[in-house]
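Each protein sequence line maps, in turn, to chains A and B.
Under this note's numbering, the first residue of the first sequence carries the number 88, and numbering increases by one thereafter.
Under this note's numbering, the first residue of the second sequence carries the number -7, and numbering increases by one thereafter.
Simulated from the structure, these hints should not be mistaken for laboratory data.
Check each hint, because a few of them may be wrong.
[Unchecked claim] Below, a list of computed lysine to aspartate or glutamate pairs in the DMTMM-like style, where the Cα atoms sit at most 20 Å apart:
1. A:K855 x B:D71
2. A:K654 x A:D603
3. A:K766 x A:E375
4. A:K493 x B:D71
Letter by letter, the chains look like this.
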Amino acid sequence: MRKSFLLARSNLRKSKGQTTALIVLILFAALMLNLWLMLSMDYKQNFDRYHDKLNAEHVTFAIDGDNSKIQEFLIQTLEADKRTSEFSLDSSMHMVGLFLYNGGEVNSELIILEKQTALSRLVGKIEIVEEDSQFTSGIYMPILYKSDDIAIGKTVQISIGSNKVSYTVCGFFNSIMAGSHNCAMCELILTEDKYNELQTAGYAPKSTLCSIRLKDKAESESYEAMLKNTLSAEYPSARTVSNSYALVSQSRYISQMVCSSVVSAMAFLVLLIALVVISSNIINYIQENMKNLGTLKAIGYTSRQLVCSLLLQFLGLLLTVSIVGIGISYCLFPFINTMMISQTGIPYTVHFLPVPLFITLIILGGTITLIVWLSSRRIKKLEPIVALRQGVQTHNFKRNYILLEKTKAPLHLALALKTTFSGIKHNVTVCITMLVLSLVVVFSGLMTKNMIIDITPFLNLIVGEIADNCININAEIEEDFLQEMNLDKQVEKIYLYHSTEVRHIGGVGLIATICDDFSKVNNSNVVFEGRFPKYENEIAIAAKYAKEKDLEIGHEISITANGQEAKYIISGFTQISNNLGKDCLLTRAGYKRLGELQNISYYLNLTEGTDIDSFNTNVKERFGNEINVTININSTVSASASVYVSLMTIIVIAILILSAVVITFVLYLLVRTMLSNKKRDYGILKALGFTTKQLILQTALSFMPAIILSTIVGIVVCSFIINPLTALFLNNIGIVKCTFIIPVYFITVAGIGLILFSFIITCILSLKIKKITPKALLIGE
Amino acid sequence: MKKILLKTDHLSKSFSSGGALQHVLKNIDLELYEGDFTVIMGASGAGKSTLLYALSGMDTPSLGTITFGDKVISTLSQDGLAVFRREHCGFVFQQIYLIDGMSVMDNILSAGLLVSNDKKMLFSKAKELFAAVDISEETQNKFPTQISGGEAQRVGIVRALINKPEILFADEPTGALNSKTGLDVLNTLSKFNEQGQSVVMVTHDMRSARRGNRILYLKDGIILGECDLGKYRHKDMARHEKLSAFLSEMGW
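All chains, please: the whole structure from these sequences, using the hints.
Shown next, in the form of structure tokens:
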């Protein structure tokens, strides 16, 4: 062991440059692996920790009306179900509303609670995380919305239905199941005076908020469906809103999931490059040191000891560097945490996590041990006498590539190509690196085009249908409303686009989007297989859900709502992530088979330059209380989207920087090895009259065939697979098929940039050739 | 009157060794003439190779000037020296130094194409030189490690001559060869010299030195003496005795 240790130390000392490059690669791999494991293993568990801490519910259900009859019926229903563990019933107010946040609008089903009621809840507790006793009359907002505009002491204006109310912000609270617009409902807490004031104004109807803890949280979706079904059968006209543990635990962690997926992909890609580089290093080490290895074997070292020295060398390096990398991941985590909290809204305290650390070390240690063992097998076959006689054999003599007398290539290119063909192992390393980096370039291009520059394609995929404006009206005025809108020159297009809840019999609750004519929708990609429903007996359902339930196009399913039941034939598959893949589409005639719409949402495309807010104010003035709510969709979307855009911008910048670092170090290792192997050749060529510039050019050109070819192949292949690959990452949120626009121009330019960057870096790294002198060759330096 | 090819003026070269300055060449004034076979002799450490490297532009002098024709080469940059070497000089090394990854023919053409783009001319010139040094067609397509030492050194001579250099520099060209193959190499050098090729050779072997018409004896960094042996003739005993006497006089 001691002998192996001495050999390992000697090897490391001899190759300081290569060791440095490996350190950087392993450091990045360890850093990202640990980050990924922390994000995927602990970060999401934070939800459960807070869920337990606040004794939060597994199903939240709010139904309009707070009379004793409804409450009694609810209690009976809950108590009758053996899955119920405990529950809380409280009076609240419930209405669709919106407020300004992050430069846009938050639009949600608002559940308004009185402060003392909220704080005294046994199930679904509220935790006040920040308040100022100076402000005793006003509103408490979910901590997620704490921002420059929504701060203690400032005034927040909330549109409740068609009315606007203003409150002073007294503090912030944390609610696990209703503390974000991503929860299907958003709780707001008013001080007693303000609560009574709002109740008296009658802007929001009274409702009963019911929070239920289950014995088994896995039952949350089916329990929610049961509750909706039972209540809608008993009270068909009552407005309800609900969520489940399954939905909220996913929807509040979309950014965590995206970030974790990207980090894990990058971690494994960097690890792959590190392994290829280690393998190439070992093979090269054996070639360069064949005589030394032969000598060591001749004096009694066993193959095992020699392989052990290599293992010790790399594992020692790994252990030290990984600890540093993991340490850096802890330094970076607070910044990532800040980004994540802006989407999750759930505080997370960075703390030491031993399990991710051990798994990181095991993954790195295991893969590196395997690659060292596989790459150093040649040592075992090495016979001392053969090694001593043969010495270094770095060229393949089977074939003389690029015959100078026949080739039409210029001399330097021809000599570079000879080097290229004689160094297949180098080419493999270059190819794998460039293929990986091509994927990074294509992914960055895709995200830049479809998210950072113009978020519409991303929103089309995630949100589904997007228009400029949404107006929810009472059904009675539909005819007049449509007549006026059709006459309004500011209205380019208006179509029914209303979401409501239905239930798949034998399945779970689904959000049904009802449209009078799906040919009018802006985003026809919502249905990616089959077609939109056209007739009253047709339905399009979420592909993810269909897969779970083994449903195919043409199958017949039963849907229930409002106590009615009807059968529909599946006409197509949809993908909308809003409800994490639990959606369906129905025509208006189709929904009529289940009941009538009490209030109706219309989507509007307005002419260029129309001020949406002024337009809505005008509509409200014309129709008064018949307008339930107006939503400036552009503004609402920009509020939510900005979080994802900034997150993705950071990710893209980070992975591009990382790519530049990775390619620099991989090329450094390869150029270093090449210069070391070809030092004698360069000396000869210099003696013959080749200048330093010509040799640098030859060296850089020798890498170019592999770089250019693998970049082109990588970019072309990745352009084809990037959408399916992205869909794979987004599968959890209901995306089955991505239709992102491939930015051909961007990725072409980026690919050329990658090649030029590699060329320049190789030229810079080859500057060491300047130090090789013909005289040194002659005097045997 | 012979034409001067290369001229040195107060050529000195010093190295720093262990903190102490070592003067290897001291104020050397020398003229090399066209068509001569100049042999530089001397004991180990006399500065023979250092002088050869300086004359051939492989190294730069510490002091003094080296002039090739009317061009001062001692002030050229490394790249300038590389251009000078490729255009005017040919080299035959003791360790041969062919590039292992290239075939014999490509070793020659890689040097030739550096100066001329006329591939056809270079190819036929290479064939002519290979024939002159008795390298077969088959050997031309082999890799350097697949041929014998003698063949490799003759290939080295072909490479040195492919660009028709004004001066052929040879540093102990027979040092790594056995007596038979060494003799072949010397015969080849003599043959080309007879055809008008100027040669400057460093050696400490008397048998090799006999090939030169002008012998310079270097000792402690200065040219101690010079001997004119006249044109080389095979088995010329008088020539041998003259060289022996000169070397004895020099303290050989």
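Discussion item. For a quick check of understanding: which of the numbered hints are violated here, in increasing order?
Written reply: When the structure is compared with the hints, only number 4 turns out to be violated.
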